[in-house]
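Asker: Spelled out, the chains give:
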Amino acid sequence: MQKKVACSFPDEVLEHVFSFIQSDKDRNAVSMVCKSWYEIERWCRRKIFIGNCYAVSPRMVIRRFPKVRSIELKGKPHFADFNLVPDGWGGYVLPWIAEMAGAYPWLEEIRLKRMVVTDECLELIAKSFKNFKVLVLFSCEGFSTDGLAAIAASCMNLRELDLRDSDVDDLGGHWLSHFPETYTSLVSLNSSCLGSDEVSLSALERLVGRCTNLRTLRLNRAVPLDKIANILGRAPQLVDFGTGTYGADLQSDVFSSLAGAFSSCKELRSLSGFWDVVPAYLPAIYPVCSRLTSLNLSYVTIQSPDLVKLLRHCPSLQRLLVLDYIEDSGLEALSSSCKELQELRVFPSDPFGEEPNVSLTEQGLVSVCLACPKLQSVLYFCRRMSNVALVTIAQNCPNLTRFRLCIIEPRTADFLTLEPLDVGFGAIVEHCKDLRRLSLSGLLTDRVFEYIGRYAKKLEMLSVAFAGESDLGLHHVLSGCESLRKLEIRDCPFGDKALLANAAKLETMRSLWMSSCAVSFGACKLLGQKMPRLNVEVIDESGPPDSRPDSCPVDKLYIYRSVAGPRFDMPPFVWTMEEDSALQLNTIGNPIGSEWEHNMKGIQGLRAQMPFVLYLAELSNTSQW
Amino acid sequence: MSSENGKRLPETDAAGLNFEATELTLGLPGKSRVTSDGGAKLGSKRGFSETVDLSLGDKKDTNKLGQTQSQIDAREAAPGSKAQVVGWPPVRGYAKRGKKSCKYVKVAVDGAPYLRKVDLEMYNTYQQLLASLEDMFSCFTIRNFLNEKKMDQVNGIEYVPTYEDKDGDWMLVGDVPWQMFVESCKRIRLMKNTETVELAPRTPPKWSRRS
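Top to bottom, those sequences are chains A and B. Positions 1 to 625 (full-length UniProt numbering) are the ones given, in order, by the first sequence. Positions 1 to 211 (full-length UniProt numbering) are the ones given, in order, by the second sequence.
Treat the hints with care, as some may be off.
To be verified - Derived EDC-like pairs (lysine to aspartate or glutamate); straight-line CA-CA distance at most 16 Å:
#1 B:Lys103 <-> A:Glu541
#2 B:Lys106 <-> A:Asp167
#3 B:Lys106 <-> A:Asp197
#4 B:Lys106 <-> A:Asp87
#5 B:Lys117 <-> A:Glu141
#6 B:Lys192 <-> A:Asp167
#7 B:Lys192 <-> A:Asp87
#8 B:Lys192 <-> A:Glu141
#9 B:Lys117 <-> A:Asp24
#10 B:Lys192 <-> A:Asp197
#11 B:Lys117 <-> A:Glu198
#12 B:Lys186 <-> A:Glu541
#13 B:Lys192 <-> A:Asp81
#14 B:Lys117 <-> A:Asp197
#15 B:Lys117 <-> A:Asp87
Said to hold, decoys possible - To spell it out: a stretch of chain A is covered by chain B in this simulated footprint if at least three of its residues, at any positions, have a beta carbon under 8 Å from a beta carbon of chain B; those stretches are:
#16 19-26
#17 75-85
#18 229-242
#19 565-577
Stated by the list, open to error - Partial chain A-side listing against chain B, Cβ under 8 Å, derived:
#20 Ala55
#21 Tyr92
#22 Glu482
#23 Glu541
Hints were generated in silico from the structure; no laboratory data involved. Predicted, not measured: the structure shown is a model, and the values here were computed from it. Glycine residues also receive a C-beta, built at the ideal position from the N, C-alpha and C atoms.
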């Protein structure tokens, strides 16, 4: 019988088979087959990804997976990048490091995103994990170069140190000297976010010279232009290079040694950095341009003609990050030079200016979409858009997987017809069937959400700002988007109804963020009380929300599923809506006979009569939509 | 300034304060400043009643700076003075695009349980910075107005912007030229007006740090 066959395989054989299964999804499926497979699989799982550090506790992870070698954790919500999450919110990694220090002595890799990392954490990592190899701190904060020095001094097998976009207290470049002279294992170093003017150039040069496996080196701004040639000369095997400052008075000897250094880097495929660029120095990179697949010019403040001159040398380019100085004309040129383009990001040079400072419109994006058949990922900041442009984009780029459009002025209508942009974005979701990530902007009614709910079946992350008219909009998204994992909303007129009617949906998602919307405190309490596997956190900076009537809207709301229960490290301005044995809705202070009061009393009445799930269904059926 | 002559202006007297008087003019210490009523001062710092009070109250009420509508229009017409929505457009805060440096300082408001960070490099004048702070913290006191009925306060709370400089001293925002401020400011604190009244109007150039 089948059961006997399964048991007749020794565990080691099954373990060996499972070692070929890498993806989390597949591993999870394997673990669900039967109890013995669950057991075998959990002992041999080496890599864990935790998309929300509060969804599970370190102890729970360690208990289930005792032999982990690589962990990835994410902390703060995405909107923390834009100053919407107050300081001190959370995302501390120390509890994780502390537990893993004892449980995973053979841990090799730690990758963190938007977490608070202290020097104490870094010191603990340095002394706890003897075979530590990879540290990636993506948009993290809370540590200084002293912590990095501890890592450098102790981690003999370190391969990768990547601090991308982190907020580091840079006390000077001396931390680099803490890599011992015997240390040669470095493969990847990204210190481009370090802000100090001091850098220990000699330590850097020696480090680069002795680490012959170095493939990625991204320097910070403090490294001057005239040192680049020397550094490159010691690492001609580099694949990914980020310069420091790329500006200086033009000197022919500096230029020629720079050009010479670049031409000996035959493996170079990716360039970045280029702070303070002086256009006259750009031709120094021409020798490598024909092989470049990735170019990050997002700090390059030069005008379109110079940008175009450079891009004409890069026919293999797959990924381009650039400022809007490129203008429509430059994007047109890009579209004819770079047919392999897969990802385009255009950032605003003057995001807070009231008037456009460059001639960049929807036309630039349209020309790229028309001419670059492999385009999959777009992030585009501009000041005007039209439905017809969006429809053109949708029809010509059906393979888009990520589409993020930011029209700088909120609620900007179609500039040709003055209508909302519902139809345009509707075309995007209808034609781009593999769309996984979408960010909306411009004037949008509930209709756009109807389209999204109907068509965006593979959508995993949606960002919404200053859009919609009623709860119907939110309801369309929550009820229609089957693959939705992350939803972040700000300044939209979405209230209680859609949220409560789709409460069960929230357990199928990683998280929901809503700020400056119209969700009442009472609804938050109800949700928290009735959904034990959701953490419902109210962020309110003006004082305890229960000092106000329940009908008052909360400032910010963050809801995420969790098997760890409410967290304990919340700052004073975050309140978690706990399970109460008896739901007490404070109707005192609410206008008598208000719609809110009526709704809430209705819910209370129903609650007495039937299980929560059923009366939520009731709620959506009795809706006015 | 009027109060230097011993007159005390009632706070709601809009006509008494013209735009120039409330502007954070930045004479270097020792330089004489010609004031609106023609009196010249030599090197002394202004007293509290002369400085701009950062009004974080309900925007629907009369502007606490006491400016007339034309002055408000003039202020809003100044380049870069448009009120900014927090976190919009969604550009990464520390994307140092094309800027020489990025000067992030924490901003604390007395009574608020949270901090904000602002990048001083994003502003060119005190007025722009203060306008942005007003926006950033407006929700705080707008929400407070629900409590005010119990506390019976009038027209919101006024805050005085102060900052800690490199030497650890607490200074009044606006006392030094803008560039000097940007370089020396370590963090900003918006103090409740009630607290600052305790400090004498003509204090020496620096206040020692209060424990």
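Asker: Now, for every hint given, state plainly whether the structure supports it.
Answerer: Tested hints:
Distance restraint check for Lys103 (chain B) and Glu541 (chain A): the Cα-Cα separation of roughly 24 Å exceeds the 16 Å cut-off, and the hinted pair is therefore not satisfied. With a C-alpha separation of about 13 Å, the suggested pair Lys106 (chain B) and Asp167 (chain A) falls inside the 16 Å cut-off, and the hint holds. As the CA atoms of Lys106 (chain B) and Asp197 (chain A) are separated by approximately 21 Å, the hinted pair breaks the 16 Å bound. Between Lys106 (chain B) and Asp87 (chain A), the direct Cα distance comes to roughly 9 Å. Compliance with the 16 Å bound is thereby established for this hinted pair.
Taking the CA atoms of Lys117 (chain B) and Glu141 (chain A), the gap is about 13 Å. The hint holds against a cut of 16 Å. For a cut-off of 16 Å, the pair hint linking Lys192 (chain B) to Asp167 (chain A) is broken: about 30 Å separates their Cα positions. At roughly 21 Å between alpha-carbon atoms, Lys192 (chain B) and Asp87 (chain A) are farther apart than 16 Å, so this suggested pair is violated. A distance of roughly 30 Å separates the Cα atoms of Lys192 (chain B) and Glu141 (chain A); the hinted pair therefore is violated under the 16 Å criterion.
A hinted pair counts as satisfied when its Cα atoms are at most 16 Å apart, and Lys117 (chain B) with Asp24 (chain A) does not qualify at roughly 37 Å. Proposed proximity of Lys192 (chain B) and Asp197 (chain A) is contradicted: the alpha carbons are some 37 Å apart, above 16 Å. Distance restraint check for Lys117 (chain B) and Glu198 (chain A): the Cα-Cα separation of roughly 24 Å exceeds the 16 Å cut-off, and the hinted pair is therefore not satisfied. Under the criterion of a C-alpha separation no larger than 16 Å, the hint pairing Lys186 (chain B) with Glu541 (chain A) is inconsistent with the structure, at around 23 Å.
For the given pair, Lys192 (chain B) sits about 29 Å from Asp81 (chain A) by alpha-carbon distance, which is inconsistent with the 16 Å threshold. A threshold of 16 Å between alpha carbons decides the hint, and for Lys117 (chain B) with Asp197 (chain A) the separation of about 22 Å lies outside it, so the pair is violated. Distance restraint check for Lys117 (chain B) and Asp87 (chain A): the Cα-Cα separation of roughly 8 Å lies within the 16 Å cut-off, and the hinted pair is therefore satisfied. Counting residues of the stretch 19-26 of chain A whose CB lies closer than 8 Å to any CB of chain B gives 0, so the stated coverage by that chain is violated, three being the minimum.
Look at the stretch 75-85 of chain A against chain B: 5 of its residues bring a Cβ nearer than 8 Å to a Cβ of that chain, three or more, so the hint holds. Under the rule that three or more residues need a Cβ within less than 8 Å of chain B, the assignment of the stretch 229-242 of chain A is violated, with 0 such residues. Here the stretch 565-577 of chain A counts 3 residues with a CB under 8 Å from a CB of chain B, which clears the bar of 3, and the coverage holds. With a cut of 8 Å, the hint placing Ala55 (chain A) at the interface with chain B is violated, because the nearest CB-to-CB distance is about 24 Å.
Restraint check, Tyr92 (chain A) versus chain B: the minimum CB separation of about 16 Å is more than 8 Å; hint violated. Because the beta carbon of Glu482 (chain A) sits about 26 Å from the nearest beta carbon in chain B, more than 8 Å, this interface hint is broken. Residue-level restraint check for Glu541 (chain A) holds (minimum Cβ-Cβ distance to chain B is 5 Å; threshold 8 Å).
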